[in-house]
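S.K.: Heads up, the sequence shown is in this note's numbering, so the first residue is 48 and it goes up one at a time.
None of these hints come from the bench; they were simulated from the model.
Among the clues, some could well be false.
Restraint ranges, calculated between C-beta atoms of paired labels, are given here [said to hold, decoys possible]:
1. D185 - S162: 42 to 52 Å
2. V104 - A133: 11 to 21 Å
3. K103 - I52: 12 to 22 Å
4. A241 - E84: 38 to 48 Å
5. Y82 - G165: 30 to 40 Å
6. I52 - T163: 26 to 36 Å
7. A270 - E54: 42 to 52 Å
8. K61 - A270: 17 to 27 Å
9. K277 - I52: 15 to 25 Å
Every residue gets a Cβ at the ideal spot worked out from N, C-alpha and C, and that includes glycine.
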Amino acid sequence: MKRIIIETAPANVKVKLDNRPINLPSEIRQQHHYYWEQQIGKNPSLRNGEVFTITKVNKAPDELEVTVAKTDYKHYLYTLHHEDCASPCKVIYTCASVITSDHHIAIGRMNKSTSTPGRLQFTGGGLDESDLVGSIFDLEKNICKEIKEEMGLNIHSSSTRSFLPKFIKHKGTHGFWAVMYELSVHCTVEALHAQFLKHNQQLIDNGQEPEFDELLFIPLEKAAIEAYIKNETSPMVDYLAPVLEKYV
């Protein structure tokens, strides 16, 4: 496994858009197209939309500034399944550890219709154009939207105890970056799980596919986390084990 770095989030994190889209060589675009055709044959629910790939990173002790440019989901999906490919799509995304009042951390299992079926990860997702304010991405808006869509939680409700940027993730399997938030809620595991199940059922009733098939809860205790990392056989996003270890 490639080295992954999890650091305390700096005081200022900015992601800005370069309006010049990525121009890939025709040979690479063709590779992406062939792979895409194979994948939509297996999973017709996949959609090719906009994705933003990193073109520049300026990192200082108290500040992180990332510049991105527009590419497409074909580029991202090819990168995701072809480690060390030429001209990779290196995204920056948001995610959040959600912590219950009885000291458990929530982990979602991705739906089989997604590009990473069965994978374990925190709630979160990629940036999109609706997150832009001028040329700057509103990261808090993005993660709030993802938490609402995937777990049915409104971070501006009375159930929120605290919400803040916690870590920055970089390097790892594909060299992706992540801004990692921590959401602490007044809900117990039982209450949060019931809310999640209700949310998923509402999505299904409206003809939508939930992002998460299930929500798992790990006690924030050293022995429990170590046992989970050692014994879990499902695929995990690259940051999951290192971040869990930060909590013990």
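S.K.: Looking at the structure, which of the earlier hints fail to hold?
M.R.: 1, 5, 6, 7, 8
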